[in-house]
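There are 2 protein chains.
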Amino acid sequence: MTERTLIKDLAASSDGPVSVSGWVETVRDQKKVQFVVLRDESGAVQLVAPRVSGDDGEIVATDVSDTITSLSQGSFLTATGELKHDERVKLGGVEIKLDALDVASLAIAETPIKDDSGIDKRMDWRFLDLRVPRNALIFKIQTTFLHALRSYWVEHDYIEIQTPKLMASASESKAELFRVEYFDGSAFLAQSPQFFKQMAQPAGFGKIFEVGPAFRADPSFTSRHATEFTSVDAEISWIDSHEDVMKMHEEILVAGFQAVKDKHGDAIKELFDVEVTVPTLPFPRIPLAEAKKIVASRGYEIPRADDDMDPEGERQIAAYAREELGSEFVFLTDYASTIRPFYHMRREGDPSITNSYDLIFNGTEISTGAQREHRVDVLTEQIKEKGLDPEELDGYLDFFRYGVPAHGGFGMGLSRVLMLLLGLPNLREATYLFRGPTRLEP
Amino acid sequence: MTERTLIKDLAASSDGPVSVSGWVETVRDQKKVQFVVLRDESGAVQLVAPRVSGDDGEIVATDVSDTITSLSQGSFLTATGELKHDERVKLGGVEIKLDALDVASLAIAETPIKDDSGIDKRMDWRFLDLRVPRNALIFKIQTTFLHALRSYWVEHDYIEIQTPKLMASASESKAELFRVEYFDGSAFLAQSPQFFKQMAQPAGFGKIFEVGPAFRADPSFTSRHATEFTSVDAEISWIDSHEDVMKMHEEILVAGFQAVKDKHGDAIKELFDVEVTVPTLPFPRIPLAEAKKIVASRGYEIPRADDDMDPEGERQIAAYAREELGSEFVFLTDYASTIRPFYHMRREGDPSITNSYDLIFNGTEISTGAQREHRVDVLTEQIKEKGLDPEELDGYLDFFRYGVPAHGGFGMGLSRVLMLLLGLPNLREATYLFRGPTRLEP
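Top to bottom, those sequences are chains P and X. With the first letter of the first sequence counted as 1, position 262 gets the number 262 in the working numbering; the numbers rise by one all the way through. Counting from 1 along the second sequence, just add 442 to a position and that's the residue number in the working numbering.
Next comes chain P alone, as it looks inside the complex (with noise of 0.2 Å):
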């Protein structure tokens, strides 16, 4: 491979011969002197070839003269020259006085996304739209983050699983359902994998995380919703109640920001105006009902007949963790069992309670927690009360008949994290290609 410098080394590089590679960003053509401002995945760099004169005094065109020249934005090419580090020079410090030019491919000169294209015009050019250094930032970001999670998982023995996203039936509601042509048949896609990260428990895996894509016939267009997710996903085993499942999450998430932090918090500074807050442990903890208390003497009255939060209810909620306890975090607990899925378990002692949790980021849902029923005989009872059918869920039911330990866990979808954390509009800038009702492609 040639042996290209990154563009950020360069500062750090010593003068003298050097190659980067990357693409054109602007083409300054001057009469006495023509400037490249190149791009790689790293930074921008300043190419400089001082036009040459005959013995006339007459510039004659070179092969670097000609084919900066015919050098249009976003033509990607290797230059070769020499490093010189120069104070005056606003970019970096540095420039590359060229000696040649190895152009890979010539764009188009059209660019069809400009600076002001909105949101679906963008998406629609993802791959030019990707190359504006901040959308680009936040999957460097998502990578750094993903890895901080997985090394605390794979330090602290949980097994990694890859659980299949075609299905038989519905994993939790009908409703919500990509159907598959599955040769003669039908499959399903996974809406989460839920029955078969909790399989693992009886499997006697004891932890176990994926991060994997999840799938919701939603027709939903708001700014959080996607009919394609990817979801992190973590479950274990002889917990003693959702408190456990917390405290896992809330060390995951540290363990994710401070990585965020150290590799990108000043990128992020620079390019979002965010500083990046590596939570402190615990993060708070508040019962749903003393939450919509706290709500309603802010003076925001939840309009919802059941006992849940509204997006504006978690928005005040977190503004008043945010205030009055210094956090970007909260842990809402004890939703009541009638807006719970069936797996819940419900509270010793008062069944209207589930032993189950959301967490809120930045004013927005980020993920639900809970320890999951294990006896077989009340999760039976709890499918019939949720109007389902034991005989449908046969098959899960199985994974609590030949054993199982006290279990629970959480899903979380990562585009959120990553949406809020940056402070960005909506779900669309924090995934690489988004999928909703109306946009399967690029």
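Keep in mind the hints are simulated off the structure, nothing from the lab. There's no promise every hint is true.
Stated by the list, open to error - Derived pair list, reagent style DSSO-like, types lysine-lysine, alpha-carbon separation capped at 27 Å: (1) K207/P to K649/X; (2) K563/X to K207/P; (3) K689/X to K703/X; (4) K121/P to K649/X; (5) K649/X to K261/P; (6) K649/X to K114/P; (7) K473/X to K207/P; (8) K649/X to K689/X; (9) K711/X to K8/P; (10) K649/X to K269/P; (11) K8/P to K649/X; (12) K247/P to K450/X; (13) K711/X to K207/P; (14) K705/X to K207/P.
Put chain X on the given structure of chain P with help from the hints.
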């Protein structure tokens, strides 16, 4: 959470109070003493409960003795008692004298699968099948392997991407494509992340990786095929040829195998009778034409009209690499253009050959890699030549119209690597929940 000690850590723990959690492997309910072998994800230990005599010398029933008598195999429980080191105890040299048992869940007494159950029956009861230490070890190895790969990539500044599995059209061929009902229209499940990982190159991401599901509507029932599998993918910019891809590919495999050997070498030797060999760099590279001659000289004529290998040919060349070159891995290179997809770059000066390779491990192909054709005019010609319609691939072709670096990458089947590393008879053993034409459950 209950402070449980992992059973593997008991030998190094001091005698005294201890708590372990797991499932019942055997019960020996004897007259003077009761024994339970308890297993968790890390090992097995013997629990001992001497019978208690009353003043009259008769055995008295206690909570503990009654509980043990009721225990069925597979029941999950937490045991507390006194840890005692005793060399005479064959199982790890320790035992726990029971103070109390807390049963989380009693198992149904029947055991649906036995040691000699067939693979299909075992898959029906996969959560019980995975309790077998040998089967669970596969996924611990996989966890270690994947983490080593990802760590290599993260340390080398790769960006992790999650490409969508829902697509508007076929990624490569229309055969083997699953159709999804998508609101009022159709979507298709990605057969590979090929197009979208390539998209990261004109996006300027430089180097990317992904580990995620891929789907093939392949009706075959071989030991090496599945309708859903985990694909390990990487794609890098600014390569000179497929050689640069192979270089990275072999380096990640060395990292992965070294980590597996370090962490699981002994257990793999014990449970699979396999000595993990960390491959040495570089792996042998054999052009296909030469490989065919070698195979022929070993007495095997490949019965194919095209220029491809067949499974027996792969076994033969692997045997040659093992015997003559001392390597379990071998790159076969220079595949003919006729049997490679349109997006493989062809050799400069000899378009009958592609800049591509297959990686053979222990006799079976685990991966295909290539330099991609990034020149849009050449690419368009190759699409036509393969009988495809450039119009239908217009969105993909856009990736190459606005500037793109030279690039290449590979896709590798995760379960295949595990299967071949451990000498498993088929892919199902190395898949958490296998999916095939007639297998969608559990």
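Exercise. Does the structure break any of the earlier hints, and which numbers would those be?
Worked result: 1, 7, 9
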